[in-house]
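Trainee: Residue strings, one per chain:
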Amino acid sequence: MADIATDRTIDRSKMQVSDEVAIQITGMNKWYGTFHVLKEIDLTVQRGERIVIAGPSGSGKSTLIRCINRLEEHQAGQIIVDGTELTSDLKNIDKIRSEVGMCFQHFNLFPHLTILENCTLAPIWVRKTPKKEAEETAMHFLEKVKIPEQADKYPGQLSGGQQQRVAIARSLCMKPRIMLFDEPTSALDPEMIKEVLDTMIELAEEGMTMLCVTHEMGFARQVANRVIFMDAGQIVEQNEPEEFFNNPKSERTKLFLSQILGH
Amino acid sequence: MSDTHAQTVAYVRETMLEPQAPPVTVVGPIGWAKTNLFSSRLNTVITLIALAFVYLVLSILLPWAFHNTWSATSLRDCREMTGTDHGAACWGVIRDRWQQILFGNYPVDLRWRPILDLVLLLVALAPILFSNVPRKLLWFSAAYPFIMPWLIWGGSVWVPVMAAVGFILGYLFLKFGEKALGSLFAMIGAVVVAIVWWLFFLGPVSDIFASILPIGLEKLGSSRDIGGLMLAFVIGVVAIGLSLPIGIVLALGRQSDLLIVKTLCVGFIEFIRGVPLITLLFVASTLLNIFMPPGTNFDIVLRVIIMVTLFSSAYMAEVIRGGLAALPKGQYEGGDSLGLNYWQAQRLIIMPQALKISIPGIVSTFIGLFKDTTLVSIIGLLDPIGWATAIRADTDWIGILWELYAFIALLFFIICFGMSRYSMYLERKLKTSH
Ligand SMILES: Nc1ncnc2c1ncn2[C@@H]1O[C@H](COP(=O)(O)OP(=O)(O)O)[C@@H](O)[C@H]1O
Ligand SMILES: [Mg+2]
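Chains as they are written, first to last, in numbering that gives the first Met the number 0: chain A, 0 to 262; chain B, 0 to 433.
Heads up, a few of these hints could be off.
[Unchecked claim] In silico DMTMM-like cross-links for lysine to aspartate or glutamate, where the CA-CA straight-line distance does not exceed 20 angstroms:
1) A:253 - A:236
2) B:328 - A:71
3) B:355 - A:116
4) A:145 - A:190
5) A:90 - B:426
6) B:218 - B:206
7) B:261 - B:317
8) B:178 - A:93
9) A:152 - B:426
10) B:174 - A:93
11) A:94 - B:332
12) A:13 - A:197
13) B:328 - A:182
14) A:253 - A:230
15) A:90 - B:256
16) A:38 - A:190
Rather than coming from a laboratory, the hints here were simulated on the basis of the structure.
Treat the numbers as computed from the prediction; the structure is a model and nothing was measured.
Just chain A, same shape as in the assembly (with noise of 0.2 angstroms):
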């Protein structure tokens, strides 16, 4: 885990956090068939923030996001995102979907499509955007993760690191209000951990919010407002990046800490 995601200095002119709220989760629960997966969940996040969320494997990171987006029902709670509250209504859910961008781990490309059919899928049918002005945002945004000449080629034909970026402009052609990242580096070979971290300071610097777990520290350190730490199911801790590391208050935050950073 290195230290630092990167060597540039950080342009934190539109990095602001507004009063505005964008998820709201109050005392949420969920539990997979009898497993009490995530246990009164508090988070409110504001526009514009950078939250990197960590904590051990089986802890509830990931099924937290994908409650926020409704990949996975919650039982008992309530979240509110940009203002439309989740329920089971499946109008709201779709907006909701439309709204908030997420990476996979695994990026989750259709492998059948070509990289700019990826990017215009969603645009063309749930926003019925012509296919022309469609295809003209993602080129844009390809070119934004540096990878206009792989238009045509086919996920399959690319390394992972360049999936992982097709997958993050995917999400942006929807030009998402939101955007959640779990564990978008995870699969990756080191030298191509970075090229995605840079795309995801670049979104930080244009003033997306955006939720991430990830285990780059030096991204937490050098790119988040807030970090939170989970472990069983509920939030432990949570604190600016400085504090967070440099003066963790649980145990359980040091333990993490200690093995993560390894020392």
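Starting from the known structure of chain A, arrange chain B with the ligands on it as the hints suggest.
Mentor: For chain B with the ligands alone, coordinates are given in the frame of chain A:
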């Protein structure tokens, strides 16, 4: 070694070697035979045994097959021509009876209709099978299911037109009802609307139109006149065309969260798979009449088509379910996270991949279905096998056996082999990972 400094340990190549042709033992026919047929002692033994076997088979088959008996008009004729009782093929039977094997008793002056149907089938299939054919032709492909039965059975043109109207009504109901009813109820409603239209309005409305504007083809006397390979084709093409979409719906239903839908689909699939096709065909030929109001005349070929379709749909559903199960969960989540709804995700992401994985199984099911059409001879329909039995009972051809079945086997082989090759072509074409 003249160009290297052989006396030193360090080595520098000064002139690069030109590529040379490989020795003859690895290229050309000799090389091929060496690597494929005689690469080891065991391989050599197997090759020799196989060659001996092929020789044996051909030495029996060829002397039997190659006799100029084309002009014979009866088996007696043949025997006189060749001078042997056995051991000589009598091809005259094919020349004499090929029309029945291909068309059954279909009236001679109407045969242009099934032939045109076959040509149109190729036109309709072209845009579906090959992506470099103009997409506009897909409209014709959509119209073909209505043209095909009309050309075979004849009758007023308004019947197929009104049958198509049923689909249009269902579609309109789905489109405009979706907002008010939600997609599930709109879909159920659309199916009900279409079925009600077909059952109660199709007949009267097409009669009205026919009395105003009587356009039509001469009606076929009896469905039993449809026979030979043409019957196999009619049953096969319709059942293949219908079993794929029905199979997809059943496979999706089997995965549904709605308990009733799921139970119905599982029950249907397991029931059909647990019953031999022959039983279903007997049900079609005899039992259905018991449930029909007296006097109704439900076309026997249509009944058989329905049974064969149901039968292959159940198998198709299982083949497609296998494809669905092979897809990683991430594909569903990828679609969900982008805000695609269930049907969009199925149509754009899940089905294209699941069907692609299932191509070998789907085509196997098609091939099996096409060959199973020969079972209709057991319920008295005269498909090629039915005709073979009939021809063998003719006094002229009593005793003939291999020639007929070889001819029929050849016909089926050409079609099934074609399907098999196409599926391999498709698999290669759809391969996107390298
Ligand atoms: N679909 C599921 N069904 C049952 N248990 C699950 C499921 N998904 C995850 N779990 C369990 O829930 C716990 C939390 O999982 P997860 O949120 O993936 O953890 P993390 O992402 O922090 O590693 C784990 O113990 C895991 O085994
Ligand atoms: Mg996880």
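Trainee: Each hint: holds or not?
Mentor: Checked hints:
1. A:253 - A:236: Satisfied, since the Cα-Cα distance of roughly 11 angstroms is no more than 20 angstroms.
2. B:328 - A:71: holds, 13 angstroms
3. B:355 - A:116: With a Cα-Cα distance of about 18 angstroms, the restraint between residue 355 of chain B and residue 116 of chain A holds, given a limit of 20 angstroms.
4. A:145 - A:190: holds, 16 angstroms
5. A:90 - B:426: violated, 38 angstroms
6. B:218 - B:206: It holds: about 15 angstroms lies between the C-alpha atoms, which stays within 20 angstroms.
7. B:261 - B:317: holds, 14 angstroms
8. B:178 - A:93: Roughly 15 angstroms between the alpha carbons, so the hint for residue 178 of chain B and residue 93 of chain A holds.
9. A:152 - B:426: holds, 18 angstroms
10. B:174 - A:93: holds, 19 angstroms
11. A:94 - B:332: holds, 16 angstroms
12. A:13 - A:197: holds, 16 angstroms
13. B:328 - A:182: Given that 20 angstroms is the threshold and the Cα spacing comes to 17 angstroms, the pair holds.
14. A:253 - A:230: With Cα atoms ~12 angstroms apart, residue 253 of chain A and residue 230 of chain A stay inside 20 angstroms; holds.
15. A:90 - B:256: It holds: about 18 angstroms lies between the C-alpha atoms, which stays within 20 angstroms.
16. A:38 - A:190: Not OK: residue 38 of chain A and residue 190 of chain A at ~37 angstroms, beyond 20 angstroms, violated.
Of the hints listed earlier, those the structure fails to meet are numbers 5, 16, in rising order.
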